[in-house]
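Residue-level listing of the chains:
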Amino acid sequence: MQNDVVLTMRGISKLFPGTKALNNVDFTLRRGEIHALMGENGAGKSTLIKVLTGVYEKDSGSIHIEGIDGEAAIHSPQDAQNAGISTVYQEITLCPNLTVAENMFIGRTEDAVVHWKAYEKKAAAILDSLGIPARPKQELSSCSLAVQQMVAIGRAVDMNCKVLILDEPTSSLDEKEVAMLFRLMRDLKSRGVGIIFVTHFLEQVYEVSDRITVLRNGELVGEYPVAELPQVELVARMMGKSLNDLGDLKKADKSFSAGTENVYEAKGLSSVVRKPFDFRIRKGEVNGFTGLLGSGRSESVRAIFGADRVTGGQVRMNGKEVRITGPHEAMKNGIGYLPEDRKRDGIIAELSVRENIILALQVMRGFFKPMKRSEMEKFADEYIRELNIKTASQNTPVGSLSGGNQQKVILARWLLTHPDYLILDEPTRGIDVGTKLEIQRLVLKLAEENMSVTFISSEIEEMLRTCSRLIVMRDGNTVGELTGDELTQAHVMETIAGGEAQHG
Amino acid sequence: MDKKKESIWKRMGIGQLAIPLTALALLFLFNLIRDPGFFSVVVNINNSGNPVLGGNLISVINSASELAIISMGMTLVTAACGGQDISVGAVGAISASVFIKLLIGMGNVTAGTLTVATLACIATAVAFMMFNGTLVSVFRIQPMIATLILYSCGRSIAYWITGSATPQVDSPIITAIGMTIPGIPVPTPVFMVILVGVILAVIFKRTNTALYTQSVGINQGAARLNGISPTAVKMLAFGLLGVCVAVASVIATCRMSQVSHKTLLVDIEMDAILAVAIGGNSLGGGKFRMSGSILGAYIITMLTVTLLAMGINSVNIKAYKAVVIIIIVGAGSPVIKNRMILWRNRRSAAAVKGGAAS
Numbered sequence: 001m002q003n004d005v006v007l008t009m010r011g012i013s014k015l016f017p018g019t020k021a022l023n024n025v026d027f028t029l030r031r032g033e034i035h036a037l038m039g040e041n042g043a044g045k046s047t048l049i050k051v052l053t054g055v056y057e058k059d060s061g062s063i064h065i066e067g068i069d070g071e072a073a074i075h076s077p078q079d080a081q082n083a084g085i086s087t088v089y090q091e092i093t094l095c096p097n098l099t100v101a102e103n104m105f106i107g108r109t110e111d112a113v114v115h116w117k118a119y120e121k122k123a124a125a126i127l128d129s130l131g132i133p134a135r136p137k138q139e140l141s142s143c144s145l146a147v148q149q150m151v152a153i154g155r156a157v158d159m160n161c162k163v164l165i166l167d168e169p170t171s172s173l174d175e176k177e178v179a180m181l182f183r184l185m186r187d188l189k190s191r192g193v194g195i196i197f198v199t200h201f202l203e204q205v206y207e208v209s210d211r212i213t214v215l216r217n218g219e220l221v222g223e224y225p226v227a228e229l230p231q232v233e234l235v236a237r238m239m240g241k242s243l244n245d246l247g248d249l250k251k252a253d254k255s256f257s258a259g260t261e262n263v264y265e266a267k268g269l270s271s272v273v274r275k276p277f278d279f280r281i282r283k284g285e286v287n288g289f290t291g292l293l294g295s296g297r298s299e300s301v302r303a304i305f306g307a308d309r310v311t312g313g314q315v316r317m318n319g320k321e322v323r324i325t326g327p328h329e330a331m332k333n334g335i336g337y338l339p340e341d342r343k344r345d346g347i348i349a350e351l352s353v354r355e356n357i358i359l360a361l362q363v364m365r366g367f368f369k370p371m372k373r374s375e376m377e378k379f380a381d382e383y384i385r386e387l388n389i390k391t392a393s394q395n396t397p398v399g400s401l402s403g404g405n406q407q408k409v410i411l412a413r414w415l416l417t418h419p420d421y422l423i424l425d426e427p428t429r430g431i432d433v434g435t436k437l438e439i440q441r442l443v444l445k446l447a448e449e450n451m452s453v454t455f456i457s458s459e460i461e462e463m464l465r466t467c468s469r470l471i472v473m474r475d476g477n478t479v480g481e482l483t484g485d486e487l488t489q490a491h492v493m494e495t496i497a498g499g500e501a502q503h504g
Numbered sequence: 505m506d507k508k509k510e511s512i513w514k515r516m517g518i519g520q521l522a523i524p525l526t527a528l529a530l531l532f533l534f535n536l537i538r539d540p541g542f543f544s545v546v547v548n549i550n551n552s553g554n555p556v557l558g559g560n561l562i563s564v565i566n567s568a569s570e571l572a573i574i575s576m577g578m579t580l581v582t583a584a585c586g587g588q589d590i591s592v593g594a595v596g597a598i599s600a601s602v603f604i605k606l607l608i609g610m611g612n613v614t615a616g617t618l619t620v621a622t623l624a625c626i627a628t629a630v631a632f633m634m635f636n637g638t639l640v641s642v643f644r645i646q647p648m649i650a651t652l653i654l655y656s657c658g659r660s661i662a663y664w665i666t667g668s669a670t671p672q673v674d675s676p677i678i679t680a681i682g683m684t685i686p687g688i689p690v691p692t693p694v695f696m697v698i699l700v701g702v703i704l705a706v707i708f709k710r711t712n713t714a715l716y717t718q719s720v721g722i723n724q725g726a727a728r729l730n731g732i733s734p735t736a737v738k739m740l741a742f743g744l745l746g747v748c749v750a751v752a753s754v755i756a757t758c759r760m761s762q763v764s765h766k767t768l769l770v771d772i773e774m775d776a777i778l779a780v781a782i783g784g785n786s787l788g789g790g791k792f793r794m795s796g797s798i799l800g801a802y803i804i805t806m807l808t809v810t811l812l813a814m815g816i817n818s819v820n821i822k823a824y825k826a827v828v829i830i831i832i833v834g835a836g837s838p839v840i841k842n843r844m845i846l847w848r849n850r851r852s853a854a855a856v857k858g859g860a861a862s
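If you're matching them up, the sequences are chains A and B in order. With the working numbering, the residue at position 321 of the first sequence is 321, and numbering never jumps. Quick note: to get the working numbering, add 504 to the position in the second sequence (first position is 1).
Because the hints were derived from the structure by calculation, they are not lab data. Quick reminder that beta carbons are idealized off the backbone N, C-alpha and C, glycines included.
With a straight-line Cα cutoff of 16 Å, these simulated EDC-like cross-link-like pairs (lysine to aspartate or glutamate) come out:
1. A/162 - A/79
2. B/605 - B/674
3. B/791 - A/350
4. A/162 - A/66
5. B/709 - A/375
6. A/320 - A/261
Between beta-carbon pairs, the in silico distance windows are:
7. A/89 - B/845: 20 to 30 Å
8. A/89 - B/623: 51 to 61 Å
9. A/118 - B/845: 39 to 49 Å
10. A/13 - B/567: 51 to 61 Å
11. A/67 - B/845: 27 to 37 Å
12. A/273 - B/620: 45 to 55 Å
13. A/206 - B/648: 51 to 61 Å
14. B/543 - A/372: 35 to 45 Å
15. A/399 - B/648: 21 to 31 Å
Not close to chain B: a few residues of chain A, all C-beta gaps over 12 Å, as computed:
16. 61
17. 159
18. 235
19. 445
Work out the full structure: start from the sequences and follow the hints.
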């Protein structure tokens with residue numbers, strides 16, 4: 001049973017004007033396996049998924065699905081669904097204002113009269129058998145993101161899917177929710193569903209997957225059983241180079257003497273969503289806020305930048321008392337802020353890479369002092385080169401770039417303003433390993449050049465690698481501040497889990 | 505080679521203007537086949553003995569003026585707010601009433617009284633537009649609903665101001681603005697369009713209006729986090745629309761030498777919104793191209809004049825217009841656009857394949 005193949009893709013090629021997105025790629029999925037599809041941004045993962053789900057038409061190659069004679073003809077997402085291929089995307093594609101049961105059955109009912117009572121019963125049975133903690137009559141929006149995702153999976157499973165594609169399912173989940181999702185994935189696996197798992201989190205790949213297929217630049221690098229591919233090797237295959245550089249990322253161990261000046265200092269700073277807190281950062285320091293999702297990390301930095309309405313507190317920049325009530329004042333005082341949600345708060349999708357890069361500097365210069373076109377082009381060129389942003393041109397709408405490159409554009413936007421203090425909230429979320437490393441390296445370089453940086457990441461190792469001081473938060477309170485030898489994963493975990501609250 | 509060509513096209517913004525330009529070209533072609541006389545420009549001598557240009561083409565360019573000016577303002581409001589102002593006609597009636605009331609009240613029309621009346625007219629239109637802007641940007645009411653208020657009561661306000669059904673003003677200066685300046689055969693409203701266009705172009709050149717408006721229209725939250733105030737940007741858009749409406753109302757008043765609160769600039773809101781859409785601008789806001797909307801205004805007017813020239817009576821004209829507009833708007837719809845892109849990609853993919861083989 002174990003080796004029954006449910007899906008075979010052979011020699012898949014897909015051409016876009018100017019680029020070969022996929023070149024002769026093979027992919028095999030077996031019954032009851034979790035198969036991680038790995039590769040950096042632009043490696044062709046999404047294109048392969050989209051070919052499989054009928055969003056794109058392949059230019060050449062063949063797809064065979066168990067139970068279908070000959071080549072499977074997949075020309076639309078509907079075809080894919082009929083062939084037993086279901087996809088659950090990173091962004092929930094259900095209707096939040098409908099109930100769980102309605103979401104599971106909408107669009108699948110064949111009778112003219114819909115017997116919701118019966119469907120609710122059926123939904124309850126499915127939720128129960130999969131251990132999904134939701135009630136059929138509950139409005140979907142009242143469920144957590146993780147549960148919403150599981151409902152989407154429940155819907156897919158009930159449609160007798162043989163192949164379940166999970167595209168970045170964990171990127172907005174916290175650890176407990178990820179564990180819940182993994183339990184569900186293992187359960188489905190034992191029922192014989194083949195799962196394609198696309199993610200950026202390496203640890204998660206090793207936690208649940210059986211096999212890994214690696215793509216790079218649209219070509220197949222290889223397929224490996226998990227046990228035969230150590231994590232370092234995987235990263236090396238994805239990046240196409242040996243990974244000696246991964247280890248050399250090390251922060252300059254700055255020990256700050258008591259007299260080192262604070263670039264930014266806040267006392268009792270509070271916003272509509274953040275209780276009063278004290279905070280300071282020195283020149284050239286990298287520090288970070290850590291804690292579980294929802295612990296108040298983002299709310300803290302948003303209060304510093306004035307992104308949420310500030311309700312109180314005293315703030316000093318370089319020793320001088322200032323009032324920061326909104327982003328514009330923060331910017332004028334030399335603070336930059338890369339927001340947590342790149343799509344929602346960062347990019348202006350339809351504007352060009354150039355316009356996105358110069359935006360913050362332009363705003364700081366003022367409404368009546370527009371930059372010359374030549375100056376904009378110069379800045380854009382400079383940062384596209386410096387940060388190695390992969391874009392067809394600076395006229396390309398930023399929305400059509402890959403996630404990592406979008407993030408670099410926003411980084412460029414703030415670097416261009418030459419801030420004294422740069423806040424990076426989750427700059428590495430949802431982007432490929434190579435870019436993650438580049439960003440961490442950049443943070444350390446900036447600190448060496450005497451910029452102060454607050455770096456927030458869900459991946460604690462990244463923070464341990466870059467920060468010299470970590471502020472630990474739990475339930476909206478600061479519960480600890482770790483420096484020096486205390487900066488170990490175990491210590492951070494302990495503080496998150498058990499520390500006593502220090503501030504109100 | 506191909507790539508370079510494309511980028512130049514894109515740079516000139518022809519991509520977005522492809523549909524309105526094609527529509528205009530087809531209208532020209534249609535008229536050329538139907539009756540080449542449509543394009544003949546004649547020199548007439550008017551009552552005061554001055555030469556003025558006449559003919560269908562001049563009539564199109566002249567009568568599209570109010571629409572072209574209001575379309576420019578409408579483009580900005582659309583881009584910033586992702587919605588449209590449907591009160592422009594009614595607010596135009598109000599500002600026109602203020603204009604004519606002041607002119608009549610001040611007695612003789614001189615350059616001085618005209619300036620005062622015009623400034624008061626602009627101030628009135630801007631104030632009413634700011635009312636709309638406040639509802640939209642501060643209270644976050646959908647533009648269509650917010651502007652519905654003045655749409656329905658604006659003409660009553662105009663009536664209260666004028667006090668009588670159709671106040672009239674008679675002066676050579678008024679005729680010069682509404683018709684032609686003695687000695688210059690081109691209708692004055694045409695110069696007003698150019699003037700407003702140039703002023704807006706200077707504003708775009710000297711300020712960040714375009715960048716801010718587009719940023720707010722595309723992603724308000726992100727714009728705010730970059731230090732842009734969405735409220736201020738939307739107020740600015742409504743304010744500029746106010747100026748456009750005032751200028752259009754002055755032209756409309758001077759054309760007739762009177763203000764009829766019932767008919768002045770009536771139904772212009774719908775044509776202005778249509779002009780924005782025909783110009784290839786998204787009515788959902790964000791990126792915009794002012795030249796597209798202006799082109800749209802002339803297409804709509806040319807269509808009307810063509811139909812009139814064909815002897816279709818004014819009751820039926822709207823139905824004929826609708827058919828043509830369905831075609832233009834349909835050609836720019838996402839479904840057709842995607843089909844076109846797919847078709848082009850397939851062709852270029854085939855070209856690449858062919859190239860590789862040879």
